[in-house]
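Go ahead and model the full structure; you've got the sequences and the hints to work with.
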Amino acid sequence: MTGARPILVVDDDQVIRRALTEQLQVDGEFLVLEAATLAEAREKMKGPDARCDAILLDVTLPDGDGRDFCAELRKEGLRMPVIMLTGSDDEADIVRGLDAGANDYVAKPFRIAELLARLRAQLRLFENSEDAVFSIGPYTFRPSAKLLLEPVKNRRIRLTEKETAILKFLYRAGTRPVPRQVLLNEVWGYNAAVTTHTLETHIYRLRQKIEPDPAHASLLVTEGGGYRLNPEVMA
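Here the sequence shown stands for residues 2 to 236, numbered as in the numbering used here.
Keep in mind the hints are simulated off the structure, nothing from the lab.
Note that CB positions come from ideal geometry on N, CA and C, so glycine has one too.
A couple of the hints might just be wrong.
Ranges between beta-carbon positions, derived for each pair [stated by the list, open to error]:
(1) GLU92 x ASP69: 14 to 24 Å
(2) SER145 x GLY65: 18 to 28 Å
(3) ASP66 x LYS210: 39 to 49 Å
(4) ARG75 x GLY190: 27 to 37 Å
(5) GLN24 x SER145: 49 to 59 Å
(6) ALA40 x VAL96: 22 to 32 Å
(7) VAL183 x ASP66: 19 to 29 Å
(8) ALA114 x GLY65: 38 to 48 Å
(9) VAL96 x HIS198: 52 to 62 Å
(10) THR141 x VAL183: 21 to 31 Å
(11) ASP64 x THR223: 38 to 48 Å
(12) ASP91 x ASP214: 53 to 63 Å
(13) SER130 x ALA216: 28 to 38 Å
This is the structure in structure tokens:
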């Protein structure tokens, strides 16, 4: 199993919040961060190491309107998927949420399977959009452009399609090493003609591009029969 993807659940109803947390984490696909108020949500998103791949956001919260918070995130340039949770399915209410920058709207009571399907769909769309931007070490990673930007050195690093896919999958895995065969299958598919030597060649070339000292990798490290991104460098 690869690393869980951090999802922020913002809802003041503890029963709903706990139920969502349990269901989202049951297969290890997601790691849930919980917030009962907008103030708590802001706190969860602070700090250089804070990472949130998507937000499930209640509309009515004790200290404000979720739609205003969504609009605030968009003004700050944060583009991760936001799915609004609401007790109302009124069309005007939904339109207001979408206008605030929400990606989707789910009325309570909702079916967890449907919510999960919508969440996964929004994550897939985001990862392949022009808006998807991730931080990897000193780099800003733009998968859609197959590009790493290093602002400090004003450097642009062009990536191949496979290099982009490798970095994207390792980023999603978080701090957990991804076995070579798993990474090979994810990037190349189940192609019997492709061996782990192909993957190792791509890793070697990728390190030549991104490591300060490719002979002593510090960002893309070998571990546990596979590879992972080093959180100490990523911080």
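Going through the hints against the structure:
1. GLU92 x ASP69: 14 to 24 Å: 20 Å, holds
2. SER145 x GLY65: 18 to 28 Å: About 33 Å separates the Cβ atoms of SER145 and GLY65, which means 18 to 28 Å is violated.
3. ASP66 x LYS210: 39 to 49 Å: 45 Å, holds
4. ARG75 x GLY190: 27 to 37 Å: With a Cβ separation near 35 Å, ARG75 and GLY190 satisfy 27 to 37 Å, so the hint holds.
5. GLN24 x SER145: 49 to 59 Å: Since the Cβ atoms of GLN24 and SER145 sit about 30 Å apart, the hinted range of 49 to 59 Å is violated.
6. ALA40 x VAL96: 22 to 32 Å: 27 Å, holds
7. VAL183 x ASP66: 19 to 29 Å: 42 Å, violated
8. ALA114 x GLY65: 38 to 48 Å: Since ALA114 and GLY65 have Cβ atoms about 30 Å apart, the given range 38 to 48 Å is violated.
9. VAL96 x HIS198: 52 to 62 Å: Holds, at about 54 Å.
10. THR141 x VAL183: 21 to 31 Å: Given about 26 Å between the Cβ atoms, the range holds.
11. ASP64 x THR223: 38 to 48 Å: 46 Å, holds
12. ASP91 x ASP214: 53 to 63 Å: 59 Å, holds
13. SER130 x ALA216: 28 to 38 Å: 36 Å, holds
In summary, the structure is inconsistent with hints 2, 5, 7, 8 from the numbered list given earlier, while agreeing with the others.
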